[in-house]
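Colleague: Listed below, chain by chain, are the residues.
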Amino acid sequence: MSFFRRLIDFFTLGSDRPFARLLAYYTGLALLVVVVFQFVPVVPRLLLGAHASTVTRAGQLLQDGLTGARSPNPTLDELSHLELAFATTLIMLTTLALMLPVSWVFMSARRTRDFNQSVVQALIFLPVVVAGIVLVVQTSLALAFSLAGIVAGLRFRTTLKDVRDTVYIFLGIGVGLAAGVQSPVVAAVVSVTFNFVVLLAWRYDFGRNVLEPTASSQWTGPLGDLAVAKNGNGDVPDRDLVLALTPEKAQALTERFNRVSAILGSNGKKSRFNAIVSITTNGPNQAQRQVERVLEKATKRWKLDEVITNTGKPSQLFYLVRSRKSSSRDALLTAIRASAGDTIATAEMEISTALAKESGEKREERKEKERA
Amino acid sequence: MTRLRRAAAGLLAVWAGLACRPAQGGELTGKERLEVTARASRLETALASPDSSDTRGAAIARWILPETLREISGLALTADGRLLTVGDERGKVFEVDYRRGVMVKTFTLGHPAVHGDFEAITVVGDTVFLLASDGVLYEFPEGADGEAVPYTIHDTGLARQCEFEGMAFDPTIHSLLLACKKVHDKALQQSLLIYRWRLQPGRDPTLSQLAVPLKLVIGTNGWDGLHPSDITIDPFTGNYVMIASREKALIAITPAGDVVFARPLQGVHDQGEGVAITKDSILIVSDERVTGPAVITLYRWP
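Protein chains in written order, with numbering that gives the first Met the number 0: chain A, 0 to 371; chain B, 0 to 301.
These are calculated hints, taken from the structure and not from any lab test.
Among the clues, some could well be false.
What the hints assert, rightly or not - FRET-style restraints, in silico, Cβ to Cβ:
(1) A/L92 - B/E146: 52 to 60 angstroms
(2) B/G224 - A/S145: 29 to 37 angstroms
(3) A/T88 - B/W300: 45 to 53 angstroms
(4) A/R16 - B/E138: 52 to 60 angstroms
Said to hold, decoys possible - Facing chain A, from chain B, some residues (calculated, C-beta under 8 angstroms):
(5) G29
(6) L33
(7) R38
(8) A60
(9) E70
(10) V101
(11) M102
(12) V148
(13) Y150
(14) D184
All C-beta atoms, glycine included, are put in the ideal place defined by N, C-alpha and C.
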């Protein structure tokens with residue numbers, strides 16, 4: 000498995016993006032198939048059977064049927080035992096090669112990590128079994144009826160957690176069927192299309208209810224309240240909401256909370272930083288160098304607070320900064336974007352509004368005291 | 000390193016593209032050219048050698064057809080002796096060099112190729128006709144390799160009379176011969192039925208029929224019935240020669256309807272669907288794919 004990983008790393012230049020890795024896998028597989036078909040002519044004959052030559056071209060030499068030669072593309076019935084064993088192995092390997100990326104996508108393209116390992120393994124085994132059964136049944140009506148009888152005797156009662164898991168199982172059956180009837184092209188197209196569609200849907204969160212608030216909008220209010228908490232400790236505004244968090248989200252909230260504290264300062268001391276610069280990027284290392292060069296020039300002080308590396312989505316860099324009075328928020332962001340160019344996706348300065356609100360409230364308090 | 004990898008990936012892609020490039024039409028490798036020459040030579044030798052009891056009825060050549068012709072349905076010879084054939088489901092015509100075993104060209108009726116239950120093909124001068132099982136005729140010119148040719152449809156209106164499976168052109172009466180495989184008309188069910196569709200330039204075609212009592216045709220062969228699957232004209236006698244795939248029979252009758260012979264078809268044939276007789280004394284029989292692949296088999300004639 001590590002060999003495959005290294006191979007994919009080689010082609011994807013070490014990228015963690017699932018699109019690139021999947022593309023590299025399928026490209027590698029296609030190249031392998033082309034090489035094998037080119038140099039081992041028996042493989043397409045055995046793997047594709049009667050589907051091997053559906054194209055007829057002018058100048059094609061027909062096989063001589065009097066010299067004892069068989070059909071150039073025999074059906075499974077016409078193969079010798081050794082050829083049949085080889086053909087079956089090829090079909091099984093094809094099924095495995097096409098289902099492996101499906102299992103990767105199944106494990107990766109989901110919001111939570113609580114998938115069932117047995118489903119992942121079933122995705123690998125099931126198509127192999129289905130292909131084997133189809134190879135046995137072929138076009139025999141009698142065998143098909145026998146199979147139906149046997150299957151009726153077995154009882155599967157498995158409730159899958161997610162409806163998408165059922166779709167994966169259906170896909171496995173489909174790929175197994177296609178490989179079993181010696182149509183690996185259909186199996187390959189189904190596998191490729193399915194994987195990329197699933198990745199796209201996952202990447203863009205397709206189908207999300209627009210009325211459902213995003214994580215960002217959910218936390219804007221509570222964090223704003225935390226930011227203006229007068230004692231600096233910041234009471235949690237919605238206890239139930241926090242209790243409903245997963246540990247990962249609670250951890251993220253804690254880190255966020257600490258960042259806010261660092262800006263506001265504690266125990267009445269003047270804060271060392273007055274803003275958070277958040278950067279989203281697909282190349283965190285390169286972006287970090289570019290952004291820090293700008294921060295060095297345009298801010299009084301800065302500190303890299305956190306780097307969140309995401310797989311398949313842009314990574315995030317968080318900086319605590321103390322901006323210069325001479326340098327406005329827009330000027331800083333413009334300088335960052337100009338310097339980093341395409342290496343960053345977005346650049347934002349946060350909390351400045353909360354601080355403005357806080358200083359506004361302080362000013363009001365001072366005026367009231369003066370009036371009194 | 001990155002550039003090296005990209006260059007390697009680019010080279011691989013170019014190589015894959017070249018490897019996947021389809022072979023150009025008409026191209027034969029040197030080895031194939033030698034094989035073709037040897038085949039033609041073998042056929043000449045077989046035709047020239049004196050007929051003996053050992054070789055009588057034996058095939059002199061057999062060509063295994065590609066998967067696209069697994070349901071080959073009819074055979075026809077052009078005026079200059081080229082062999083045309085058609086598959087069962089699509090209006091795609093193939094020219095096969097029967098002497099050398101080479102696919103010469105393919106062309107389609109329309110683009111995409113028209114679908115139908117095509118059962119027979121014949122050639123009238125420069126025009127080619129396809130016959131569907133319901134008696135509908137498709138008329139079109141012969142096309143070049145890869146060409147899509149326009150076609151005209153003629154309905155003979157005989158769908159109720161019988162199910163057709165064979166067609167030939169009789170130049171002496173300038174008529175298409177449409178052989179019935181299954182007769183629907185009860186009054187004629189005990190006959191071998193052939194309709195004649197007389198082509199008259201500038202006028203509507205006229206229809207006539209030739210019915211030969213089945214018992215006269217079957218004779219002592221013991222067949223339950225007779226279901227001709229193709230018909231052709233013997234260029235030496237002008238007789239109508241038919242094959243019947245179900246009965247595995249070869250029958251010859253005169254244009255007047257007298258039975259010349261009715262005998263079992265020589266050789267092994269899964270499902271003989273087409274028959275043609277060349278001017279250089281070769282009987283060609285085409286078989287659909289059943290237990291073995293679809294083939295064209297050549298015999299001496301007569």
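Colleague: If a hint holds in the structure, say so; if it does not, say that too.
Modeller: Now for the hints, and whether the structure bears them out:
1. Between A/L92 and B/E146 the Cβ separation comes to about 41 angstroms, which falls outside the hinted range of 52 to 60 angstroms.
2. At roughly 36 angstroms, the beta-carbon separation of B/G224 and A/S145 lies within the given 29 to 37 angstroms, and the hint holds.
3. For the hinted restraint 45 to 53 angstroms between A/T88 and B/W300, the CB-CB distance of approximately 48 angstroms keeps it satisfied.
4. For A/R16 and B/E138, the Cβ-Cβ distance of about 59 angstroms falls inside the hinted range of 52 to 60 angstroms, so the restraint holds.
5. Annotation: B/G29 was flagged as interfacial toward chain A, and the flag is violated, the nearest CB pair being 12 angstroms apart, outside 8 angstroms.
6. Interface hint at B/L33: violated, since its Cβ lies 11 angstroms from the closest Cβ of chain A, which is beyond the 8 angstroms cut-off.
7. The interface hint given for B/R38 holds, since its Cβ lies 7 angstroms from the closest Cβ of chain A, which is under the 8 angstroms cut-off.
8. A cut of 8 angstroms between beta carbons decides the hint on B/A60: the least distance to chain A is about 6 angstroms, and the hint holds.
9. Look at B/E70: its Cβ only gets to about 12 angstroms from chain A, farther than 8 angstroms, so that hint breaks.
10. A cut of 8 angstroms between beta carbons decides the hint on B/V101: the least distance to chain A is about 6 angstroms, and the hint holds.
11. Because the smallest distance between the Cβ of B/M102 and any Cβ of chain A comes to about 4 angstroms, under 8 angstroms, the interface hint for this residue holds.
12. At a threshold of 8 angstroms, the smallest CB-CB gap from B/V148 to chain A is about 16 angstroms, leaving the interface hint violated.
13. Given the 8 angstroms rule on beta carbons, the hint for B/Y150 is violated: about 20 angstroms separates it from the nearest Cβ of chain A.
14. The closest approach between the C-beta of B/D184 and any C-beta of chain A is roughly 35 angstroms, which is over the 8 angstroms cut-off, so the hint fails.
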